[in-house]
Amino acid sequence: MFFLFILLAGQDLNQLLREFTDIRQRFKGRYVRIYGACDNNGFYDDVINAAWEAGLGVHALIWFGFDGGDEWKTRRDTLFATLHTNPKAKFVTRVVQFGSEPLYDGVLSHSELAAQVVAAKENLSSLGIPVSISEMAYGYQERGGADDILGAVDLIDGHMLPFFSQQASTASASWPIVLADLDWFVENGQGKKIYLTENGWPSVTSEGVQPNSPNAVADIQNESDYYKLLDSKCAYFKTVPGGGVGWFAHIYSDAMEPGYGIYNDYGNPKFLFNPATSC
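In this text, residue positions in the sequence shown follow the UniProt record's numbering: the first is 1, and each later residue adds one.
Read the hints as simulated data drawn from the structure, not as lab findings.
Treat each hint with caution, since some may be false.
[Claimed, not checked] Straight-line C-alpha distance at most 35 Å; calculated DSBU-like pairs for lysine-lysine:
#	residue 1	residue 2
1	K121	K238
2	K238	K270
3	K73	K228
4	K121	K270
5	K88	K121
6	K88	K28
7	K192	K238
8	K73	K192
[Claimed, not checked] Label pairs and their computed distance ranges (CB to CB):
#	residue 1	residue 2	range
9	G151	D183	18 to 26 Å
10	E142	E53	17 to 25 Å
11	N14	G151	20 to 28 Å
12	N40	A173	18 to 26 Å
13	G65	A119	16 to 24 Å
14	P275	K73	19 to 27 Å
15	G65	P275	36 to 44 Å
16	E71	Q15	31 to 39 Å
Yeah, the Cβ is synthetic: ideal placement off N, Cα and C, and Gly gets one too.
The whole structure should be built from the sequences, with the hints applied where relevant.
Here's what the structure looks like:
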């Protein structure tokens, strides 16, 4: 089990270390996935150093954002420079992702995005750091499968947000929705390792989090039930080709994004969260 960690105004090293250590020690998390961007000088050095001290691996992110600008190119180059100069980076960084949902958002054509993945793999080859994109199954599907990207990535960082399905009702009933997308990744992922990265069920709705089904229920019980559902499928996840399926809890705290946090706005746990790390 892993955690998505969202960047706000650029948490300082002490805050990163405190929260990364909490993820590792309290929840037995193994990886943290970065979401969003902080363009402060040296920030990814802080992420790497905090993860090293806490004993976490990092799914790093080249963030496109939502404005259609070219800032992602600077973020890419800055991240690559950090990965080459920080001696801990190659031991901590489990993958570099382009995202989030670049296919669905249409930030680049899938051929251009595939070319970026290939170029990134070449840049990072001496470090042995894999490259992927952060995307949901539908993002691939609406681009005709985007086989060039699936062929280029080293692993699958797939989004799983069944609350938004037109068939959604309760989290405990969402396994058919999850399995449909997971089966698509298995069938089209060329035997590569699969992680469910942007993965969760909201406890509240908000302006950017609205259901597509009148039966979808957003509350704390359903957020908790979703992770219990995944926990109950541990034995199945181990059998999936490519080395099994790992999953992330979508957000560390509601202070980072409303509704998806394991902690609420005040830093208190919203529910008992103790997923299995083996089965």
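Results of checking the hints against the structure:
1. K121 <-> K238: Satisfied, since the Cα-Cα distance of roughly 27 Å is no more than 35 Å.
2. K238 <-> K270: holds (28 Å)
3. K73 <-> K228: Roughly 39 Å separates the two Cα atoms, so the pair is violated.
4. K121 <-> K270: Violated, at roughly 39 Å.
5. K88 <-> K121: holds (19 Å)
6. K88 <-> K28: Holds. K88 to K28 sits at ~21 Å (cutoff 35 Å).
7. K192 <-> K238: Given pair K192, K238 holds - Cα atoms ~14 Å apart, limit 35 Å.
8. K73 <-> K192: This hinted pair holds, its Cα atoms lying about 27 Å apart.
9. G151 <-> D183: 18 to 26 Å: Since G151 and D183 have Cβ atoms about 19 Å apart, the given range 18 to 26 Å holds.
10. E142 <-> E53: 17 to 25 Å: Check failed, 41 Å falls outside 17 to 25 Å.
11. N14 <-> G151: 20 to 28 Å: violated (42 Å)
12. N40 <-> A173: 18 to 26 Å: violated (43 Å)
13. G65 <-> A119: 16 to 24 Å: Between G65 and A119, where Cβ atoms are some 20 Å apart, the hint holds.
14. P275 <-> K73: 19 to 27 Å: violated (37 Å)
15. G65 <-> P275: 36 to 44 Å: violated (31 Å)
16. E71 <-> Q15: 31 to 39 Å: violated (24 Å)
Consistency with the previously given hints fails for numbers 3, 4, 10, 11, 12, 14, 15 and 16, ordered from lowest to highest.
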